[in-house]
Amino acid sequence: MDLIANLSLGFGVAFTPINLLYCFIGCVLGTLIGVLPGIGPVATIAMLLPATYALPPVSALIMLAGIYYGAQYGGSTTAILVNLPGESSSVVTCIDGYQMARKGRAGPALAAAGMGSFFAGCVGTLILASFAAPLTELAFKFGPAEYFALMVLGLIGAVVLASGSLLKAIAMIVLGLLLGLIGTDVNSGVARFSFDIPELTDGIGFVVIAMGVFGYGEIISNLSKPDDDREVFTAKVTGLFPTKDDIKKMAPAVLRGTVLGSSLGILPGGGALLSAFAAYALEKKLGTKPGEIPFGQGNIRGVAAPESANNAGSQTSFIPLLTLGIPPNAVMALMVGAMTIHNIQPGPQVMTSNPQLFWGLIASMWIGNAMLIILNLPLIGIWIKLLTVPYRYLFPAIVLFCSIGVFSTNNNTFDVWMVGIFGVVGYLFVKLGCEPAPLLLGFILGPMMEENLRRALLLSRGDWSVFVTRPLSASLLAVGALLLVIVLLPSIKSKREEAFVED
Amino acid sequence: MNIKSQKDFVSGLMFMGIGGFFAWGATAYSLGTGARMGPGYFPLMLGVMMVILGVFITFNSLVIERSGGDKIGKWAYRPLFFIIAANLIFGVCLGGLPSIKLPAMGMIFGIYVLSFVASMAAIGWKVKSTFILATGLAVISYVAFVKILNLQFPVWPAFITG
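Respectively, the protein sequence lines represent chains A and B.
The first sequence begins at 2 in our numbering and counts up one residue at a time.
The second sequence begins at 22 in our numbering and counts up one residue at a time.
In case anyone wonders, no lab produced these hints; they're calculated from the structure.
Using N, Cα and C, we set each Cβ at its ideal position, and we do this for glycine too.
Among these hints, one or two may not hold up.
Chain B stretches covered by chain A per the calculated footprint, using a threshold of three residues with CB under 8 Å from any CB of chain A [as the list claims (entries may be wrong)]:
(1) 27-38
(2) 67-79
(3) 102-111
Where chain A lies over chain B, by a calculated footprint (3+ residues, C-beta under 8 Å) [unchecked claim]:
(4) 42-55
(5) 172-181
With a straight-line Cα cutoff of 25 Å, these simulated DSS-like cross-link-like pairs (lysine-lysine) come out [to be verified]:
(6) K122/B - K25/B
(7) K290/A - K386/A
(8) K226/A - K249/A
(9) K92/B - K386/A
(10) K249/A - K286/A
(11) K226/A - K104/A
(12) K432/A - K226/A
(13) K25/B - K432/A
(14) K226/A - K168/B
(15) K386/A - K226/A
(16) K147/B - K432/A
(17) K432/A - K149/B
(18) K25/B - K386/A
(19) K386/A - K149/B
(20) K285/A - K245/A
(21) K25/B - K92/B
(22) K104/A - K245/A
(23) K104/A - K432/A
(24) K122/B - K226/A
(25) K386/A - K245/A
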């Protein structure tokens with residue numbers, strides 16, 4: 002069995018003391034930012050990227066991955082106890098989770114979220130491990146036309162996922178693509194849009210954009226809102242263990258959430274957020290048995306399903322990144338950046354050229370999930386205490402860590418000015434209702450898309466029909482077109498807007 | 022003609038402007054042909070696409086009815102100014118500003134300045150608690166970034182360390 006041999010190689014890497022330590026740090030940080038509303042994995046990973054320069058690549062990636070799936074665990078705690086989504090993917094958990102807490106059942110709600118996430122995380126990791134090899138095989142059949150088509154599909158997927166207007170999301174992608182082109186063109190050596198500023202010939206750093214738009218933009222908009230009256234159910238968490246009846250109800254919901262989350266995570270544009278929404282919608286559609294608590298009033302299934310789904314989705318969204326080198330969402334776009342920093346070109350060749358890294362990362366997710374369930378259930382008290390820290394003490398710390406992160410990227414002041422500009426731009430986006438996630442994805446994909454488009458058309462002698470005559474590329478584009486059509490259908494359009502209302 | 026969505030109207034104009042700028046800028050580079058793309062080809066294509074998207078967004082904002090006019094709302098000048106300023110001042114503290122002969126003041130000094138400037142972004146900040154916060158952050162940063170992660174930046178003012 003290849004899989005077992007590969008996994009044992011992976012566990013050999015992941016079980017070294019240093020990697021266990023960084024996995025643990027990642028999980029703790031992930032839970033921390035998951036619990037704290039107002040800071041998400043994108044800003045945190047961007048902040049910590051520069052600090053990972055000095056680490057071995059495997060340890061760096063293990064830690065950054067831990068932040069992403071750790072945040073999915075932590076987010077549910079805040080959703081259940083404070084009725085605020087600690088993470089955007091926990092938005093739907095608020096609905097039933099908070100109602101359970103109000104009825105004094107915060108313990109079972111937290112346990113359902115934690116245990117569901119753990120199960121889903123294990124399954125997601127297993128799927129990642131078993132799908133990675135065959136998909137990598139497929140990836141080697143990809144030519145430039147296929148890569149271009151796949152990126153178009155990925156970007157369309159990101160648009161479908163964006164909450165606001167479709168047109169604005171597409172425009173944000175294009176803006177991201179254009180920003181990605183700033184700097185020296187690899188083919189001609191021409192410095193594009195650099196305005197004779199030497200620092201710009203290297204392009205804009207994605208840390209700068211991610212930090213400015215996601216970090217500062219959000220802090221500013223959070224501060225402009227009045228403080229919500231938080232009602233924290235701190236004292237009431239007693240008796241973590243769900244009753245037999247709870248387990249009977251949540252087990253099938255966890256299973257459904259896991260299946261749905263794992264499949265949606267693989268899709269380009271998918272990931273934790275989409276999975277959670279879809280899982281909650283499915284549970285609601287399946288309805289309740291007579292005598293069961295209705296949804297919206299504290300049904301345990303409404304907590305278990307989306308929490309399992311978001312964790313499964315966050316795990317499987319690594320598949321397109323690790324096998325094809327294409328990031329399916331903004332967090333994975335940052336992982337591309339992290340790999341590039343360590344001189345690893347993301348793509349199908351990673352598995353063969355860096356098997357330790359590839360399988361070590363996958364194995365670490367298993368260990369990480371085990372750490373997380375311990376961090377989040379028996380040690381829940383620590384995180385609850387954190388929720389009582391007021392925002393006015395948190396945001397200066399976030400500003401500081403962003404500033405240190407930016408400065409240490411290149412040790413130059415120019416990046417600090419740039420991040421200031423993007424902070425203003427990020428706030429402008431918030432005010433105008435333009436979602437920044439598609440922009441970041443476009444920014445990472447910009448140079449890759451141009452390069453593949455260029456190569457594809459060079460091979461076809463300038464004939465654009467190459468994208469529809471090659472079967473793989475044609476089917477990828479067809480899926481993309483289908484996605485767009487589905488979203489634009491009036492009946493689905495209103496449903497989609499409904500689903501994102503609370504976002 | 023009434024603006025039905027202020028947010029979309031302004032974002033449409035913004036996209037048109039930026040798209041137009043990139044498209045116009047791209048014409049300065051050689052375009053090449055489809056088979057041999059020059060450095061201007063892809064940006065021009067994207068720029069034009071963005072202008073078209075901007076036109077559609079603006080058009081929709083004038084035609085499609087929204088509840089409440091989808092207003093942009095008040096700008097939060099206070100947090101905007103202080104947060105960005107805190108970041109810029111911190112950068113200056115670390116790097117110094119050679120153009121006005123300001124020496125690098127180092128990380129510890131920078132953290133105190135940043136904490137105070139950033140705290141001013143929130144209404145009702147207090148000197149004492151900000152000072153405690155800054156001290157805590159300075160200790161944590163010194164241990165985490167300088168001692169453990171070994172990041173290279175000036176910790177103390179340049180005139181002390183020489």
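Do the hints match the structure? See the list:
1. Look at the region 27-38 of chain B against chain A: 6 of its residues bring a Cβ nearer than 8 Å to a Cβ of that chain, three or more, so the hint holds.
2. Counting residues of the region 67-79 of chain B whose beta-carbon sits less than 8 Å from any beta-carbon of chain A gives 8, enough to reach three: the coverage restraint holds.
3. As drawn, the region 102-111 of chain B meets chain A at 6 residues by the rule of a beta-carbon pair under 8 Å; at three or more, the given contact holds.
4. With 7 residues carrying a beta carbon less than 8 Å from a beta carbon of chain A, the region 42-55 of chain B meets the three-residue requirement, and the given coverage holds.
5. For the region 172-181 of chain B, the stated coverage by chain A is satisfied: 3 residues place a CB nearer than 8 Å to a CB of that chain, which reaches the threshold of 3.
6. Under the criterion of a C-alpha separation no larger than 25 Å, the hint pairing K122/B with K25/B is inconsistent with the structure, at around 52 Å.
7. Simply put, K290/A and K386/A have alpha-carbon atoms about 37 Å apart, too far for the 25 Å limit, and the pair is violated.
8. Of the pairs offered as hints, the one joining K226/A and K249/A is violated, with about 42 Å between alpha carbons and a cut-off of 25 Å exceeded.
9. With a C-alpha separation of about 38 Å, the suggested pairing of K92/B with K386/A is violated against the 25 Å cut-off.
10. Restraint check: the Cα-Cα separation between K249/A and K286/A comes to about 19 Å, which is no more than 25 Å; the hinted pair holds.
11. Restraint check for K226/A and K104/A: the C-alpha separation of about 29 Å exceeds 25 Å, so the hint is violated.
12. With a C-alpha separation of about 12 Å, the suggested pair K432/A and K226/A falls inside the 25 Å cut-off, and the hint holds.
13. With a CA separation close to 16 Å, the supplied pair K25/B and K432/A stays within the 25 Å bound.
14. At roughly 37 Å between alpha-carbon atoms, K226/A and K168/B are farther apart than 25 Å, so this suggested pair is violated.
15. Note on K386/A and K226/A: the hinted pairing holds, with a Cα-Cα distance of about 23 Å set against a maximum of 25 Å.
16. Between K147/B and K432/A the alpha-carbon distance is near 29 Å, which puts this suggested pair outside the 25 Å criterion.
17. Distance check on the hinted pair: K432/A and K149/B sit about 33 Å apart at the alpha-carbon level, beyond 25 Å; violated.
18. Straight-line distance between C-alpha atoms of K25/B and K386/A comes to about 45 Å, which puts the hinted pair past the 25 Å bound.
19. Between K386/A and K149/B the alpha-carbon distance is near 22 Å, which keeps this suggested pair within the 25 Å criterion.
20. For the hint linking K285/A to K245/A, the alpha-carbon distance of about 22 Å falls within 25 Å, and the restraint holds.
21. The suggested pairing of K25/B with K92/B holds, with an alpha-carbon distance near 9 Å, which does not exceed 25 Å.
22. Only pairs whose Cα atoms come within 25 Å are accepted, and K104/A paired with K245/A is accepted, the gap being roughly 18 Å.
23. Distance hint between K104/A and K432/A is unfulfilled; the C-alpha atoms sit about 37 Å from each other, more than 25 Å.
24. As the CA atoms of K122/B and K226/A are separated by approximately 40 Å, the hinted pair breaks the 25 Å bound.
25. About 29 Å separates the Cα atoms of K386/A and K245/A, which puts this hinted pair outside 25 Å; it is violated.
In summary, the structure is inconsistent with hints 6, 7, 8, 9, 11, 14, 16, 17, 18, 23, 24 and 25 from the numbered list given earlier, while agreeing with the others.
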